[in-house]
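Trainee: Sequence:
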Amino acid sequence: MSAVVRSVALGGALVAGPVESLRGDDATLLAPAARESATLAAGPVEQPLKLRFGAADSMRLNILGAYANDFDDASQASAGVGFSWFFVDDLSLDLEFLGAGIFQPGPDTAAFNGNLLFRWHAVSRERWSLYFEAGAGLLFAGEDVPQGGTPVNFTPQAGFGTTFDIGDDTRLIIGVRWYHISNARASRDNPGRDSLMFVVGLSLPF
Numbered sequence: 000m001s002a003v004v005r006s007v008a009l010g011g012a013l014v015a016g017p018v019e020s021l022r023g024d025d026a027t028l029l030a031p032a033a034r035e036s037a038t039l040a041a042g043p044v045e046q047p048l049k050l051r052f053g054a055a056d057s058m059r060l061n062i063l064g065a066y067a068n069d070f071d072d073a074s075q076a077s078a079g080v081g082f083s084w085f086f087v088d089d090l091s092l093d094l095e096f097l098g099a100g101i102f103q104p105g106p107d108t109a110a111f112n113g114n115l116l117f118r119w120h121a122v123s124r125e126r127w128s129l130y131f132e133a134g135a136g137l138l139f140a141g142e143d144v145p146q147g148g149t150p151v152n153f154t155p156q157a158g159f160g161t162t163f164d165i166g167d168d169t170r171l172i173i174g175v176r177w178y179h180i181s182n183a184r185a186s187r188d189n190p191g192r193d194s195l196m197f198v199v200g201l202s203l204p205f
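Residue numbers for the sequence shown follow numbering that gives the first Met the number 0, so the first one is 0 and each next one is one higher.
Since the hints were derived computationally from the structure, they do not count as laboratory data. Be a bit skeptical, because a hint or two may be false.
List time: in silico EDC-like cross-link candidates among lysine to aspartate or glutamate, alpha-carbon distance up to 16 angstroms [to be verified]:
no.: 1; residue 1: K49; residue 2: D188
no.: 2; residue 1: K49; residue 2: D193
no.: 3; residue 1: K49; residue 2: E125
no.: 4; residue 1: K49; residue 2: D107
no.: 5; residue 1: K49; residue 2: D168
Could you put together the complete structure from these sequences and hints?
Mentor: Next comes the structure, spelled out in structure tokens:
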């Protein structure tokens, strides 16, 4: 009896042979073709959508360092973290938690500075942005700041800066701020201090 011959589509080619021969090791020849057909039927795998920098409802974690100087006889070095929440496109509410060392006439001191800022990325491009910011915070120090003032002060501030994409959705932050320390006349003595602050950091998706 002549063997019954059938054709099997395999990778776009026709493989012909006796039915009896399509068993054993030859059955593995059908597996790649079956997998390829299933892949084509399912379609391409969709990649997760990546939000652009500054998109509404996105959040960022910021690792920050700062140095302020009043160009007289006082300076302040700070480091800490911040969180940015973009409540609309390119406009964020930023919360910062910074530890600081204050070097001044009289006793130097350690301090904690918490700030709440609004930051507007007025020019926002795929690889960089230009921003303006303003806000205020509270400074808690172990000694009077400035000397003759109080250990608790307000820190109004404003500035501008830029961000650069350095890969993997990470941004380099470089900024400059006017930074003021004052007790807002909560005490009879309010010497106050104005400094120029330089800020650098990394912004990561959160």
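Trainee: Against this structure, judge whether each hint is valid.
Mentor: Consistency of the hints with the structure:
1. K49 / D188: Roughly 52 angstroms separates the two Cα atoms, so the pair is violated.
2. K49 / D193: The given pair, whose Cα atoms are some 41 angstroms apart, is violated under the 16 angstroms limit.
3. K49 / E125: 12 angstroms, holds
4. K49 / D107: Violated, at about 46 angstroms.
5. K49 / D168: 9 angstroms, holds
Taken one by one, the earlier hints fail for this structure at numbers 1, 2 and 4, listed in ascending order.
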